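*Asks:* Below, each chain spelled out in residue letters.
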Amino acid sequence: AQTIHQWPVAEIKAVGSPLSLGCTIKGKSSPNLYWYWQATGGTLQQLFYSITVGQVESVVQLNLSASRPKDDQFILSTEKLLLSHSGFYLCAWSLGWGENTGQLYFGEGSKLTVL
Amino acid sequence: SQWGEENLQALSIQEGEDVTMNCSYKTYTTVVHWYRQDSGRGPALIILIRSNEREKRSGRLRATLDTSSQSSSLSITAAQCEDTAVYFCATDEGSNYNVLYFGSGTKLTVEP
Numbered sequence: 001a002q003t004i005h006q007w008p009v010a011e012i013k014a015v016g017s018p019l020s021l022g023c024t025i026k027g028k029s030s031p032n033l034y035w036y037w038q039a040t041g042g043t044l045q046q047l048f049y050s051i052t053v054g055q056v057e058s059v060v061q062l063n064l065s066a067s068r069p070k071d072d073q074f075i076l077s078t079e080k081l082l083l084s085h086s087g088f089y090l091c092a093w094s095l096g097w098g099e100n101t102g103q104l105y106f107g108e109g110s111k112l113t114v115l
Numbered sequence: 116s117q118w119g120e121e122n123l124q125a126l127s128i129q130e131g132e133d134v135t136m137n138c139s140y141k142t143y144t145t146v147v148h149w150y151r152q153d154s155g156r157g158p159a160l161i162i163l164i165r166s167n168e169r170e171k172r173s174g175r176l177r178a179t180l181d182t183s184s185q186s187s188s189l190s191i192t193a194a195q196c197e198d199t200a201v202y203f204c205a206t207d208e209g210s211n212y213n214v215l216y217f218g219s220g221t222k223l224t225v226e227p
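As you go down the protein sequences, you meet chains A and B in turn.
Residue 51 in my numbering is what sits at position 51 of the first sequence, and the numbering runs on without skipping anything.
Residue 160 in my numbering is what sits at position 45 of the second sequence, and the numbering runs on without skipping anything.
Because the hints were derived from the structure by calculation, they are not lab data.
Here the structure is a predicted model, which is why all the values come from computation and not from measurement.
Keep in mind that the hints are not guaranteed to be accurate.
As the list claims (entries may be wrong) - Selected chain A positions facing chain B (in silico; Cβ < 8 angstroms):
1. W7
2. L44
3. Q46
4. Y49
5. T52
6. G54
7. L90
8. L95
9. Q103
10. G107
11. E108
12. T113
Each residue gets a CB set at the ideal place from its N, CA and C atoms; glycine is no exception.
Just chain B, same shape as in the assembly (with noise of 0.2 angstroms):
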């Protein structure tokens, strides 16, 4: 497997907090990518980060990447009730980048 925490987290907060989900991986990876995926529907991409980036923002979400402690995470700032969604981190292996495994997620529950 490509990742070292294997459950699914849940997390729940309330509308204006800042929230933080973490993901390890195993092996080296040449990108990070953040997808969220909103119930019954495909996953969509939010931020993508290469191993050359430390940080990259995005509107209110910021990744970051540890490629020394081969870990990366996901803030949120001042969250909103549509932020209420499944997140997913997933990596490549380096070798091969048409297969990505895909972390278990962090279920984001953010309350008004």
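This is chain A alone, in the form it adopts within the complex (with noise of 0.2 angstroms):
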């Protein structure tokens, strides 16, 4: 079965200093992984997607950055934070596209507050 796997499950930063958040898919191989930011109480904006190792295609620009250093893992980072990063980071993966596939898996997030 597959399983995903997102770190840290919180984090309290502090405006302008440095983030790093992490997912890994484990039981797939090579799928398209996606991470998208939600605001409390608020919808779920795409931020990037990646379909290959080494390569990340950016849909909004929000000061953000992503990696995909393995098959199995993604990175979302900032060296400076804002107070807007703050809220629920989700990574989610798929098949890709055919007649069963489309459909995304999400993780559990990680919540990000900015003081």
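Two chains, two frames, some hints: make the complex.
*Replies:* In structure tokens, the structure reads:
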């Protein structure tokens, strides 16, 4: 069975400090990977996606960056946090597109509070 | 923005009632996803309906898609307390299948 693990579960960080959030998918080879951001009480906004190791596409610019150093790992980071970065960060994977694909499988999320 | 309605809706119903949530989208889509999100957790897919389908059912759930009016609906029959959650619809643009746009969501509360 496939599992998706996000870390850390929660972080409290100061404005201007760096951030690194991670996501690991086990049990699935070469998945498509995604990062989403969700404000408290808000909808999901896609940030990045990656369909292969070493390649990441940006969807929106929020002073964040992403990398995919391994097939099963997706990293979200920034060198300087802003107050507006607070929220819930969700990693997801999919099989890509086909008859029964396109479905996103989300992790449990990382809650970020920037003070 | 992909969506015609941007504000989170809130619905409160009694257990046993039926409920329908609606979404409209602005551009062509190949698929509409419906996800539910429980408080503090990641969303989970409940129904995925493709552009060549008009209706899809899964247990007490029914999704419809009307490509002519660019709208989709999710209905829950005989709602139960455990259906309490936030429900989101999401679509692609039809050109980049790796980008999904989520609607603002409906917060459904089912009371006993």
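*Asks:* Hints first: check each against the structure and report whether it holds.
*Replies:* Hints, one by one, checked against the model:
1. W7: 14 angstroms, violated
2. L44: Status holds, d = 4 angstroms.
3. Q46: For Q46 (chain A), the interface hint holds, since the closest Cβ of chain B sits about 6 angstroms away, which is under 8 angstroms.
4. Y49: Hint holds; Y49 (chain A) Cβ to chain B Cβ min 5 angstroms, cut 8 angstroms.
5. T52: Hint on T52 (chain A): violated, closest Cβ of chain B at ~11 angstroms, above 8 angstroms.
6. G54: Violated. Min distance 16 angstroms.
7. L90: Holds: closest Cβ of chain B sits about 5 angstroms from L90 (chain A), inside 8 angstroms.
8. L95: Interface hint status for L95 (chain A): violated (11 angstroms vs cutoff 8 angstroms).
9. Q103: Holds, about 5 angstroms.
10. G107: 5 angstroms, holds
11. E108: E108 (chain A) check passes; min Cβ-Cβ to chain B is 5 angstroms, inside 8 angstroms.
12. T113: Status violated, d = 14 angstroms.
When each numbered hint is compared with the structure, violations occur for hints 1, 5, 6, 8, 12.
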